[in-house]
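Colleague: Each chain, written out:
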Amino acid sequence: EAGVAQSPRYKIIEKRQSVAFWCNPISGHATLYWYQQILGQGPKLLIQFQNNGVVDDSQLPKDRFSAERLKGVDSTLKIQPAKLEDSAVYLCASRVGRGGRVDTQYFGPGTRLTVL
Amino acid sequence: GIQVEQSPPDLILQEGANSTLRCNFSDSVNNLQWFHQNPWGQLINLFYIPSGTKQNGRLSATTVATERYSLLYISSSQTTDSGVYFCAVALYNAGNMLTFGGGTRLMVKP
Chain F
1 EAGVAQSPRY KIIEKRQSVA FWCNPISGHA TLYWYQQILG QGPKLLIQFQ
51 NNGVVDDSQL PKDRFSAERL KGVDSTLKIQ PAKLEDSAVY LCASRVGRGG
101 RVDTQYFGPG TRLTVL
Chain X
1 GIQVEQSPPD LILQEGANST LRCNFSDSVN NLQWFHQNPW GQLINLFYIP
51 SGTKQNGRLS ATTVATERYS LLYISSSQTT DSGVYFCAVA LYNAGNMLTF
101 GGGTRLMVKP
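Listed in order, the protein sequences are those of chains F and X.
Using this note's numbering, you'd call the opening residue of the first sequence number 1 and step up by one each time.
Using this note's numbering, you'd call the opening residue of the second sequence number 1 and step up by one each time.
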């Protein structure tokens with residue numbers, strides 16, 4: 001079974017530029033998450049999708065971050081404009097998440113963003 | 001929100017040694033997962049263990065939900081065990097949204 005796919009793996013941009021990350025979850029997984037992991041810290045949840053709807057985006061800095069999951073499969077996370085403090089690894093995770101069951105989240109390899 | 005504390009923050013072992021990592025959490029949870037983040041940054045699932053005990057090879061984990069802690073045991077450590085170990089929990093009725101601890105950074109020396 002293929003895992004969670006993310007691209008690009010690395011991205012270097014200058015502050016005030018925009019950037020987008022892509023995630024393809026495990027096939028059949030209804031729930032998708034985006035996390036931000038700053039160096040030396042644990043991942044922090046940014047947004048959760050159930051199919052193509054947002055469940056929780058309370059920790060997403062909406063003035064500059066946006067995310068969508070059209071058609072309930074792939075998802076994109078965008079930052080516009082980027083700030084120096086956005087330098088981090090952006091992780092995508094998915095789980096089966098049907099019927100309200102609690103189950104395991106599986107993580108992709110992440111995208112390492114450096115803002116100069 | 002829920003607080004998740006891991007100890008110790010850093011651990012250096014000689015190859016072959018055993019270790020215990022601890023995760024304390026501040027509220028009732030219905031999901032607890034242990035992850036290993038390898039040196040390349042990939043988060044690898046070790047255990048889904050909201051309660052009880054599980055074993056997988058040289059690793060085992062125990063969660064005592066009523067006392068709000070979980071333990072990860074590593075026996076006969078190998079250099080490939082190096083990396084960061086994270087505990088992550090989700091509250092009841094919180095949509096399985098995980099809150100991560102700060103991690104335990106493990107280095108196993110040959």
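It is possible that some hints are incorrect.
To be verified - Label pairs and their computed distance ranges (CB to CB):
no.: 1; chain 1: X; residue 1: 76; chain 2: F; residue 2: 40; range: 25 to 35 Å
no.: 2; chain 1: F; residue 1: 55; chain 2: X; residue 2: 40; range: 23 to 33 Å
no.: 3; chain 1: X; residue 1: 10; chain 2: F; residue 2: 17; range: 14 to 24 Å
no.: 4; chain 1: F; residue 1: 52; chain 2: X; residue 2: 76; range: 10 to 20 Å
Unchecked claim - Chain F is nowhere near these chain X residues, computed Cβ spacing over 10 Å in every case:
no.: 5; residue: 4
no.: 6; residue: 15
no.: 7; residue: 24
no.: 8; residue: 43
no.: 9; residue: 53
no.: 10; residue: 64
no.: 11; residue: 66
no.: 12; residue: 68
no.: 13; residue: 96
no.: 14; residue: 97
no.: 15; residue: 98
no.: 16; residue: 99
No lab work stands behind these hints: they were computed from the structure.
All values reported here derive from a predicted model rather than from experimental measurement.
For each residue, glycine too, the CB sits at the ideal point set by N, CA and C.
Colleague: Now, for every hint given, state plainly whether the structure supports it.
Modeller: Here is how each hint holds up against the structure:
Taking the beta carbon of each, residue 76(X) and residue 40(F) are about 28 Å apart, inside 25 to 35 Å as hinted. At about 30 Å, the CB distance of residue 55(F) to residue 40(X) agrees with the hint of 23 to 33 Å. The hinted window of 14 to 24 Å between residue 10(X) and residue 17(F) is violated, with their beta carbons roughly 36 Å apart. Roughly 46 Å separates the CB atoms of residue 52(F) and residue 76(X), a value that falls outside the hinted 10 to 20 Å.
A beta-carbon of chain F comes within 10 Å of the beta-carbon of residue 4(X); the shortest separation is about 8 Å. Against the 10 Å criterion, residue 15(X) stays outside the reach of chain F, whose nearest CB is about 25 Å from its own CB. The Cβ of residue 24(X) sits about 14 Å from the closest Cβ of chain F, beyond the 10 Å cut-off, so the non-interface label holds. The non-interface label for residue 43(X) is inconsistent with chain F: the shortest C-beta to C-beta separation is roughly 4 Å, within 10 Å.
Distance check for residue 53(X) against chain F: the nearest CB is about 17 Å away, which clears 10 Å, and the non-interface claim stands. Every CB of chain F is more than 10 Å from the CB of residue 64(X) (nearest about 18 Å), matching its label as outside the interface. The non-interface label for residue 66(X) is consistent with chain F: the shortest C-beta to C-beta separation is roughly 18 Å, beyond 10 Å. At the 10 Å boundary, the C-beta of residue 68(X) stays outside the reach of chain F, the nearest C-beta of that chain being 17 Å off.
Taking the minimum C-beta to C-beta distance to chain F, about 5 Å, the non-interface status of residue 96(X) is violated against the 10 Å cut. A beta-carbon of chain F comes within 10 Å of the beta-carbon of residue 97(X); the shortest separation is about 5 Å. In this structure residue 98(X) is not separated from chain F by more than 10 Å, as the shortest Cβ-Cβ distance comes to only about 6 Å. Against the 10 Å criterion, residue 99(X) falls within the reach of chain F, whose nearest CB is about 7 Å from its own CB.
The structure fails to meet hints 3, 4, 5, 8, 13, 14, 15 and 16 from the earlier list, while all remaining hints are met.
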